[in-house]
Amino acid sequence: MAIFNLNINGKKQQVDVDPATPMLWVLRDHLNLVGTKYGCGIAACGACTIHLGGVAMRSCQLPVSQVGNQAITTIEGLSEKGDHPVQKAWLEHDVAQCGYCQAGQIMNAAAFLQNNPNPSDAEIEAAMNGNICRCGTYVRIKAAIKTAAGG
Amino acid sequence: MAIVKTTYGRRSFLKTSALAGGGMVLGFSWLASCQPTPEEVLAMPKEWFNINGFLKIGENGVVTIMSPNPEIGQNVKTSMPMIVAEELDVDWKNVIVEQAPLNTDLYVRQLAGGSQSIRQGWQSLRMAGATARQMLREATAQAWKVPVEEITTEAGVLHHKNSGKSAGYGEMAAAAAKVTVPKEVTLKEIKDFKIIGTSQKNVDGVNIVTGKPLFGLDYKRDGMLIAMIVHPPAFGLKLKSVDDSTARSMPGIKDVFTIQTFNDDYKKHMFDATAFPGLAVVVVGNTTWEVMNARKALKLEWEPMGEFSDTYAHFMTGALSSRKMPAALENTSEHMAKMAEMGAKLAKVARKDGDPEAAFKNAAQVIERNYSAPFLAHNTMEPMNFFAHVTADKAELVGPIQTPEYMEKSVAARLGLPLEKVDIQMTRQGGGFGRRLYGHFVVEAAVISQKVNAPIKLVYSREDDMTFGNYRPAYYATYRAALDANKNLIAFHVRAGGLPESPVAANRFPAGAVDNYLAEEWALDSNISIGAFRAPRSNFIAGAEQSFLDEVAEAAGKDPIEFRLELLDRALKNPVGADNDYEAARYAGVLELVRTKSNWGQQQPNVHRGVSAYFCHNSYVAQVIDLSIENGKPLIHKVHCAVDCGIVINPIAATNLAEGGIVDGIGHSLFSAMSFKDGFPEQNNFDKYRLIRNGEAPKAIEVHFVKNEIDPTGLGEPLNPPIMGALANALYKATGKRFYDQPFLAGKEVLG
Ligand code: FES
Ligand code: FES
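Quick note, the sequences are listed as chains A and B, same order.
Heads up: the first sequence runs through residues 1 to 151, numbered per the working numbering.
Heads up: the second sequence runs through residues 1 to 752, numbered per the working numbering.
Check each hint, because a few of them may be wrong.
Claimed, not checked - Pairs of lysine-lysine, DSS-like flavour, derived with a Cα cap of 27 Å:
#1 A:K146 x B:K212
#2 B:K394 x B:K409
#3 B:K220 x A:K12
#4 A:K11 x B:K165
Claimed, not checked - Take a look, some chain B residues computed to stay more than 12 Å from chain A by CB distance:
#5 T180
#6 Q200
#7 K267
#8 H269
#9 R323
#10 E382
#11 E405
#12 D484
#13 E562
#14 L657
#15 S675
#16 D678
#17 F680
Hints were generated in silico from the structure; no laboratory data involved.
Being a predicted model, the structure only gives us computed values, none of them experimental.
All C-beta atoms, glycine included, are put in the ideal place defined by N, C-alpha and C.
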């Protein structure tokens, strides 16, 4: 066990955990931030996507010991009022079915648009291929990303 | 105007009471008018829906409609309250929807599945809204001393035209609560609907996009421990020995022990299905990561299990079924060989019209083809999990389950508690697809909590979830068609079976459209457990049948839509046999609609088209896929889809669900399979089990609903089965090769 000082959604948080603990479980079990989802635990589904220093990252493969002082953003901190352009676009297109994968989809899409504000369809697909939606909302995810990109 | 009797019986009572703040609570059984007759039970015995709930009107006019049935992504939590709101005649903006608890005192039955929610709920949801509206009108008429007939309503406001008086529902709610429940009420004319047929956003939408705790896995309680369970790693194995010396002493671990989910003498119902009747190993600790690590340190030995018989009662009829689970460590390669062997033998006749043997003998041409599909895991994005807190005299359970009432019974029996001491609450569910009908994990959670005497959350890892079983069965079908010298279809034969059930629906199309028709079915025993999977049986047989019909149409030299329409015309005008369980006109209707909407017959360069149509779960669907082959893989440009499910409640959600069914069907038939080696599942996570990805989904999906005033039917399942046929047919056009075995792309390059 070791103490880690983390910067999550603009707040300082301290946890005392095994250094190998993935951020996914630090968030969910220790910090009560359950918006970040467990889907596979092996970096194969994208449900656990967070931002680390602004970069989309699979939190199931990110040991807490590797975070250092980089800022973490989770779905709960993506915007203060749930009005990030990607969140708004998700509501406009009524993307969710069961909704379980959508936090990961939104976090990945938000980081992607940050780097590529005007993506082509092929670029959207390539960026989002790592996020599984078992309910099959892919067509809407693409449409919502285009809306969020303003195109 | 339809006047309906408010058939609220003794057990589905309707109760009103005044709220402290002056509002009204109306309790009712949402399915009071729809008690299934025995025939209906036989027609759809697998899954049923029965929901109950109540609505509240606050003194400020805000209406809360409780949504009592499980929300698994099919949008019932939005769409069903819309029906109540319509007949209540309120502004949807003033409606709040809440998930109702399971309440066995008030409710007769709660179960989600079979695309039955809207269909079964339709009349009673309308009646519930209309009853409340009628009581508000009567209260208002008394207050204003005018005849009730003169009171009209609009968007939550009561009006009296002659006196010019008006009042909000909230003002009259307390008085309305004291009005006797009317014996009959008038329903709206369909043309007067204001909410039904308009697109309303998911009531949980904001909570979903902001990451609020909604799902079972998100549920927490003070002092709650985390539990994981280790089942045998292969079908046909049972636990031999446990060495937990390392695991036990690992950080955060509270206890390691074994449990048996169901007692040996327990009489199971069908939702208690499990392939593992013996002991499983449980690790309980403080956090998920610690428990995951400790279970890896367990040293477990397994041994072959003997043959056993899994006997369970049907959830509605109580009829007992028994499935033989042979002592074996099964292999996929042997499965395929055995199924092919069965396909070549005579089987049990399920339907016979005319003289198929003679017709085949005298045919100018006989076409015979075999189709197969593998076991599939449901893979809900949220793995199985449940919270339980069991104390000496009660059990409290919370989580995602499609059959809460039945699992309440299982838990009560297992713990030896009276039913009323067991309480199950439902969370939002990260997918269902049939998997959460089978609630062994609810019972497991209860047993574990009882054993450690603490609140626990049982969590399945993805690997636990994928390897547990209760899969979509593996299937195999042989089709034969006979053409005469003029290339007319004179006989049709299907012989199909699977591990461990047959997918044949003998009275479906093209039964009724061909003079000589034969349907046969067979089944093979397997110890790999199966369960209902989105559109059970149809999810294979539709694709096989529709691929085969494509090939027969080609042999007959006919356009595939025209060929089907001719058969449907025959079935409409001069049907063969009496038990054909489809309406030929509606079937033809969706084919004609998709033909128009897709501009069928117009060729685009390098775009290949396939068509398919199917009827299951009470709805008619026709689909056209446009694809080309790029870099050796199918690129699906567009899917055109026509659906006849009667009245559409919430178009945006209905379209979303239709898109999902299509993507799901394309994904599974192209990529997905569970295979077995010596009983061990060869896939246990998404690195090996291929699910469809964003870039592989169709680039566009157009869904067209047939407009009619027929009572609504289901949408969760019927979109899924036919797309596999349309896909196979388009792949044939693109590659010149027919695709018979799913998954179509298993280890294959598809060359255009
Ligand atoms: S849970 Fe991290 S990628 Fe699936
Ligand atoms: S909405 Fe259900 S998994 Fe994506």
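Here's how the hints hold up against the structure:
The hinted pair formed by K146 of chain A and K212 of chain B meets the criterion: a straight-line CA distance of about 25 Å does not exceed 27 Å. Between K394 of chain B and K409 of chain B, the direct Cα distance comes to roughly 13 Å. Compliance with the 27 Å bound is thereby established for this hinted pair. A distance of roughly 23 Å separates the Cα atoms of K220 of chain B and K12 of chain A; the hinted pair therefore holds under the 27 Å criterion. Between K11 of chain A and K165 of chain B the CA atoms are separated by roughly 56 Å; this puts the pair beyond 27 Å, and the hint is violated.
Under the 12 Å C-beta cut-off, the non-interface status given to T180 of chain B relative to chain A holds; the minimum distance is some 41 Å. With 12 Å as the threshold on Cβ separation, the claim that Q200 of chain B sits away from chain A is violated: the shortest Cβ distance comes to roughly 9 Å. Every C-beta of chain A lies more than 12 Å from that of K267 of chain B, the closest at about 33 Å, which supports listing it as non-interface. Residue placement check: H269 of chain B keeps its beta carbon more than 12 Å from all beta carbons of chain A (closest about 26 Å).
Consistency note on R323 of chain B: stated as away from chain A, and its beta-carbon is indeed over 12 Å from all of that chain's, at 27 Å minimum. Distance check for E382 of chain B against chain A: the nearest CB is about 5 Å away, which does not clear 12 Å, and the non-interface claim fails. With a closest Cβ-Cβ approach of about 21 Å to chain A, E405 of chain B is found to remain outside the 12 Å limit, as its non-interface label requires. Every Cβ of chain A is farther than 12 Å from the Cβ of D484 of chain B; the closest lies at roughly 43 Å, confirming the non-interface assignment.
A cut-off of 12 Å between C-beta atoms confirms that E562 of chain B is not in contact with chain A; the least separation is 30 Å. A cut-off of 12 Å between C-beta atoms contradicts the statement that L657 of chain B is not in contact with chain A; the least separation is 7 Å. Distance check on S675 of chain B: its Cβ is at least 18 Å (rounded) from any Cβ of chain A, clearing the 12 Å threshold; non-interface status holds. Consistency note on D678 of chain B: stated as away from chain A, and its beta-carbon is indeed over 12 Å from all of that chain's, at 24 Å minimum.
For F680 of chain B, the requirement that its beta carbon stay farther than 12 Å from each beta carbon of chain A is met, with the minimum near 18 Å.
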